[in-house]
Every structure is written in structure tokens, then in C-alpha cells.
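Chains as they are written, first to last, in the numbering used here: chain A, 499 to 623; chain B, 8 to 501.
No lab work stands behind these hints: they were computed from the structure.
Check each hint, because a few of them may be wrong.
Cut-off 25 Å, straight-line C-alpha distance, at most; resulting in silico cross-link-like pairs (DMTMM-like, lysine to aspartate or glutamate) [claimed, not checked]:
#1 B:351 / B:436
#2 B:198 / B:436
#3 B:400 / B:479
#4 A:521 / A:599
#5 A:521 / A:604
#6 B:351 / A:500
#7 A:521 / A:612
#8 A:521 / A:616
#9 B:351 / A:604
#10 B:198 / A:599
#11 B:351 / A:616
#12 B:400 / B:298
All values derive from a computational prediction rather than experimental measurement.
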Amino acid sequence: MEAVFSLLVGLFFVVGIYLILSKHMIRIVLGIAVFGNAVNLLIFTSGRLMRETAPIIPAGLDQVPGPAANPLPQALILTAIVISFSFFAFVLVLAYRAYQEIGADDTTGMRISEPRDDALPPMGY
Amino acid sequence: MIAPVLIPIALGALLLMLRQYFRWQAAVASIGLLLMLVANAALLARVLSDGPLVMTMGRWLPPFGISFVADPLGAGFALVATFVALVCAAFSVRDIDTIGRRYGFYPFLMLMMAGVNGAFLTGDIFNLYVWFEVFLIASFGLLILGSQRAQIDGAAKYAILNLLATALFLAATAYLYGAVGTLNMADITRKASGLHGSAPLTTIAALYLLAFGMKAAAFPLNFWLPASYHTPRIVTAALFGGLLTKIGIYALLRVLIMIFPVERSTLSGVIEWVAIATMIFGAMGALAQTDIRRMFGFVVISGVGVMLSGVALGSALGVSGTILYAVHSMLAMAALYLLAGAMKEVGGSFLLTDLGGIYRNSPLLTCLAFLIFLAAAGLPPGSGLWPKVMLAKASIEAGEGWLAGAILVSGFLATIALGRVFLLAFWRDAETGLGTTVNAGQRLEIYTPLIALAVPIVILGIFPEQFIRIADRAAGGLIDSAVYVQSVFPTGGN
């Protein structure tokens with residue numbers, strides 16, 4: 499089960515990195531989203547997969563008898579999903595505003611903050 | 008003990024509700040930062056007298072609950088960071104206009120400080136990730152405040168590369184959790200020492216190096232910094248240049264020196280050359296800039312290289328030098344950017360081609376600039392001297408001559424770059440007539456924050472013994488992690 503998931507995680511990473519390497523802002527943003535989901539799946543797989551027993555402690559005991567599914571990765575992923583979702587929304591708006599203001603959605607056109615024809619500092623008085 | 012985090016979150020929320028009351032914002036934020044400063048000072052004093060303090064949320068005993076651990080390193084950094092933020096808030100009264108306040112400068116400032124202090128004080132690696140994201144989202148808000156074209160351009164690069172870095176940080180944490188089965192840093196430290204050889208810890212440490220190196224703007228991964236740090240308001244640039252890269256360095260110290268000491272020594276060759284390249288290319292970038300804000304961005308990068316050299320060495324002296332340099336860098340880099348703001352007010356421009364005649368116009372600003380430049384270049388009586396001496400000495404002791412040479416050469420190049428700013432902006436006669444007239448009351452508002460930063464910079468340069476002692480204790484606590492682990496698991500635990 500873990501082997502299948504690790505292949506899936508690898509596939510997500512490949513897709514994410516491929517999109518991030520693109521010149522277009524919108525693809526980069528989508529790439530970041532896929533990359534983030536790859537990391538979420540990675541956390542899930544790192545916690546070891548097990549679906550037969552729920553981690554519920556029966557009445558009268560103070561710990562789960564025998565092996566059970568790991569509940570912690572779900573808490574971690576939930577946190578990471580909330581964070582990455584809000585960041586995705588922010589970056590999406592930022593990319594749109596950049597397109598409006600700069601008129602370019604590819605990275606070669608985005609040179610406003612570092613202009614190509616920047617003068618060197620004066621060499622003397 | 009969680010007051011340094013609780014105060015900014017509560018006041019950030021309060022300021023968000025008070026968005027319409029522009030006049031209250033600065034006052035409430037300043038009071039909040041002052042309270043945080045007092046809380047952090049009390050925390051550091053207690054940590055220094057009683058050893059690391061631990062607090063576990065909701066009485067879920069470690070390693071299950073989220074721990075907050077204040078050791079000399081975290082408490083010390085939090086104190087200096089809060090001081091810098093307070094000074095920046097004082098400068099912002101003038102720099103941030105009504106538009107900036109309407110966009111919410113002060114709530115963002117408070118939430119960013121919550122993230123910064125949280126990152127310094129947490130004892131849980133996933134919680135560290137959460138605090139990274141807290142200050143990252145607040146820094147996005149600060150960065151695009153005003154929404155000019157250059158800001159949006161810079162913010163796009165900053166946002167994407169920093170998001171990628173935190174995603175890598177989270178991926179490394181996932182692998183670490185898979186290998187060690189715990190997220191509590193003290194627990195990881197304890198268990199990792201028994202796993203050498205049986206788990207791919209070197210790979211995990213390398214991933215952390217990549218992620219935090221990106222955050223700290225180490226050489227091949229630093230291109231987001233010069234693209235974005237000169238675009239926002241000058242107060243924002245001062246906060247970022249002073250605080251944010253140092254959190255990357257803090258995280259590197261915590262993870263590589265405390266948790267993975269064995270893996271760090273495997274990677275030390277890589278870190279050493281990254282440090283050298285960061286120092287030299289940062290200083291050379293500074294030489295090539297006309298805009299002083301962009302030049303100071305490269306000076307920040309050069310300083311990151313100096314701090315990385317201590318991580319590469321890993322000896323007690325080297326780590327102590329890195330810690331002291333980080334404290335110096337927080338103060339001096341924030342001072343540099345605030346100085347750029349003051350030069351803009353007095354001289355009328357950020358460009359070396361236009362600036363001139365500030366010495367005639369304002370001798371006091373010239374004196375302050377001279378002190379700050381000396382500190383940033385690592386010359387006496389500034390605060391940059393002693394940490395550089397410690398790092399150079401540690402490199403020579405370790406037989407790493409190239410590292411010692413790079414520290415000295417980068418300091419020399421920074422001296423040339425900053426000396427030229429002094430020559431052109433302060434000594435040269437004003438030809439262009441850009442100089443604005445700033446009256447005496449406004450000058451007081453501009454100079455007070457600079458003086459407030461210059462005083463500790465000079466104290467750190469002239470009386471360093473006490474600070475070196477604290478840095479030594481902080482470094483000792485990282486290298487010999489037994490005290491840290493002991494404080495989280497007093498009974499030994501499981």
C-alpha cells in the first residue's frame with residue numbers, strides 16, 4: 499500500500515515541478531498547488547497506511563489495543579491544506595493583479611522591479 | 008511564557024477591528040510591541056537564570072502535545088526581533104500614511120511579529136512550519152501594501168519562491184516524521200542520535216538545508232530577495248531585512264546543529280562553499296547597485312553568508328559567532344534600511360546618481376550613517392566586528408582558510424560599497440538640487456529610531472563581553488542538547 503502511494507507522491511512531485519518550471523505565471527501557481535498536494539500525500543504516507551482498525555479507545559482501557567490507524571497525519575494534513583488553500587487564493591489574486599498591472603503573464607516580461615537597462619553607480623564626482 | 012505570541016495575535020485581531028480608527032492604530036501597536044519587549048526581556052532573564060523553560064499546550068505531555076521551549080537562543084532572538092519591530096513602528100508613524108493604515112499595516116505588523124516570536128519559541132517542528140506560514144502571509148500583506156507595479160512584480164517572485172521553500176520544509180518534516188515518528192524537537196533530537204545509519208537522515212538534513220537556505224537567501228537560492236526587498240515601504244523593507252532572513256538562519260541552527268549534528272558534519276563542505284559564494288556574490292552585487300535600497304539587499308545577503316559559515320564549522324566558537332552575528336545583523340540591517348528612508352527624506356532620492364550634499368544638510372544624519380556603515384561592514388566600533396572576529400578565528404582553528412578569507416574579503420567589498428555611498432551621498436556637493444527641506448520637528452521623528460538602533464549597535468561593538476557570554480551559552484545549549492531535552496522530558500519520559 500505504501501509503495502503505491504509513494505509512486506503517486508512521486509508523480510505529483512513530477513507534475514508540480516514540471517509546471518513550476520514553466521514561464522507562465524498561471525502554470526507556476528498551479529504547479530505550486532500540485533506540489534503542495536504532493537507534500538500532503540507524503541505526510542499521509544509517512545504516517546503509515548492502515549485502514550482496518552480505527553484509533554478509538556474502547557471503554558475501560560487507556561490505550562488502543564493492538565495496531566490501529568494513525569490519526570496524527572490527518573491533523574497535520576488538515577492544517578497544511580487550510581494554509582496552502584489560503585496561500586493559493588492569495589497567489590492567484592497576485593498573479594491576476596500582476597497580469598493587470600504589468601501586462602505580462604510570463605516571467606521574461608516581469609522586469610519592473612529589476613529593470614534590464616539599470617545604470618551602474620557613478621564612478622566619480 | 009507565551010505572552011510574546013499571545014499579545015501580538017490579540018492586538019492584531021483588535022487592530023483589524025479598529026481599521027477605521029487610523030489615529031489609534033500606531034499607538035495600540037506600539038504599546039503592544041512595548042509589552043512584548045518587556046515580556047521577552049523577562050523571559051530571557053528567567054531563561055538565563057533557571058535554564059530552558061517549557062510549556063506544553065493543553066497538558067498533553069510531550070511528545071504528544073505541542074511544546075513551547077524558551078532557551079537562550081530563542082528567547083534572545085525574540086527579544087532583539089521585538090526591539091527592532093518597536094523601532095520600526097516608531098519610524099512608521101512618519102513613513103506609513105493614511106492609505107497604508109487603511110490597507111492594514113499595523114495588523115499585519117502585529118501578526119508578523121506573532122509568527123516571528125512563535126518561530127523562535129516553539130519546540131515542535133510542525134508548529135515551526137505553522138509559524139513560518141503565519142509570518143509569511145503577514146509579510147505578503149506588508150509587501151504589497153500600496154500595490155504599485157514594482158511591488159506586485161517583486162511580491163510575485165517573493166511569494167512563489169517562499170511558498171516553494173515552505174513546501175520543501177514541510178516535505179522534509181514529512182520524511183522526518185516517517186523516519187522518527189515524532190514531531191517534538193527534543194524527542195527528535197533524542198531519537199535521531201540512535202538512528203544514524205538505519206534511516207536516511209542525511210537526505211532529510213539536506214532537504215532542510217535546501218528549504219531553510221532558500222528562506223535565509225543563501226547563494227543559489229537568493230534571487231527573490233534583491234527582486235523584492237527594495238519595492239515596499241521602507242519600514243517594511245527594514246523589518247524584512249532585519250528579521251526574516253534571520254529566521255531561516257535560526258531554523259538552520261536549530262535543525263542542523265541541535266537535531267542533526269552528525270549529518271551536518273557530512274554536509275559541512277557543501278555549506279562552506281554555499282557560505283563563501285553567498286558572502287562574495289552578495290558583496291559584489293552590492294558594488295554594482297545604484298539604488299541604495301537594492302544595494303542594502305545585497306549587503307543583507309552577504310551577511311547571510313557570514314552566518315552560514317558558523318553553521319558550516321559547527322564548533323562552539325563558530326556557532327556562537329553566528330548567533331552574535333545574527334543579533335548584529337537584525338539591528339544593523341534594519342538600521343541600514345531606515346537610514347535609506349532618512350536619506351530619501353533629507354536627500355530626496357534613493358539613487359546614488361541623484362543623492363548629494365547630505366553632510367551639509369544634516370551633520371547628525373551623517374554621523375549616524377557613518378556608525379551604521381561601519382557596523383554593517385564589520386569595522387569597529389560597530390557591532391559587526393566581534394562576531395566576524397569569532398567566525399574568522401573559528402575558521403582558522405578548523406583549518407578552513409578559504410572561509411576565513413571569504414569573511415574578510417566580503418567585509419572589504421562591503422566597506423567599498425558602503426564607503427562609496429558615503430562619498431557620493433554625503434560628501435559630494437548637491438548638484439541636482441533634489442534636497443528637500445525637512446523641518447526640525449520632522450527631523451526628530453526621522454532620527455529618533457535611527458539613534459535607538461545606533462546605540463545598541465555601538466554598545467555591542469564596544470562592550471561585547473556580556474553579549475558574547477550569552478551567545479556562548481546559547482551555542483552551548485545547541486551543541487550539547489542534553490539540557491534542552493532534559494527540560495522537555497524532566498523525568499526521562501518514554
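Structure-based check of each hint:
1. Between residue 351 of chain B and residue 436 of chain B the alpha-carbon distance is near 16 Å, which keeps this suggested pair within the 25 Å criterion.
2. For the proposed pair residue 198 of chain B and residue 436 of chain B, the alpha carbon gap of about 64 Å is over 25 Å, so the pair is violated.
3. Simply put, residue 400 of chain B and residue 479 of chain B have alpha-carbon atoms about 15 Å apart, close enough for the 25 Å limit, and the pair holds.
4. Of the supplied pair hints, the one linking residue 521 of chain A and residue 599 of chain A holds, its CA atoms being roughly 18 Å apart against a limit of 25 Å.
5. With a C-alpha separation of about 5 Å, the suggested pair residue 521 of chain A and residue 604 of chain A falls inside the 25 Å cut-off, and the hint holds.
6. A hinted pair counts as satisfied when its Cα atoms are at most 25 Å apart, and residue 351 of chain B with residue 500 of chain A does not qualify at roughly 59 Å.
7. Distance hint between residue 521 of chain A and residue 612 of chain A is fulfilled; the C-alpha atoms sit about 17 Å from each other, no more than 25 Å.
8. Taken as a hint, the residue 521 of chain A and residue 616 of chain A pair is honoured in the structure, with Cα atoms around 23 Å apart against an allowance of 25 Å.
9. Proposed proximity of residue 351 of chain B and residue 604 of chain A is contradicted: the alpha carbons are some 33 Å apart, above 25 Å.
10. Between residue 198 of chain B and residue 599 of chain A the alpha-carbon distance is near 52 Å, which puts this suggested pair outside the 25 Å criterion.
11. Taking the CA atoms of residue 351 of chain B and residue 616 of chain A, the gap is near 19 Å; set against the 25 Å cutoff, the hint holds.
12. Of the supplied pair hints, the one linking residue 400 of chain B and residue 298 of chain B is violated, its CA atoms being roughly 34 Å apart against a limit of 25 Å.
Of the hints listed earlier, those the structure fails to meet are numbers 2, 6, 9, 10 and 12, in rising order.
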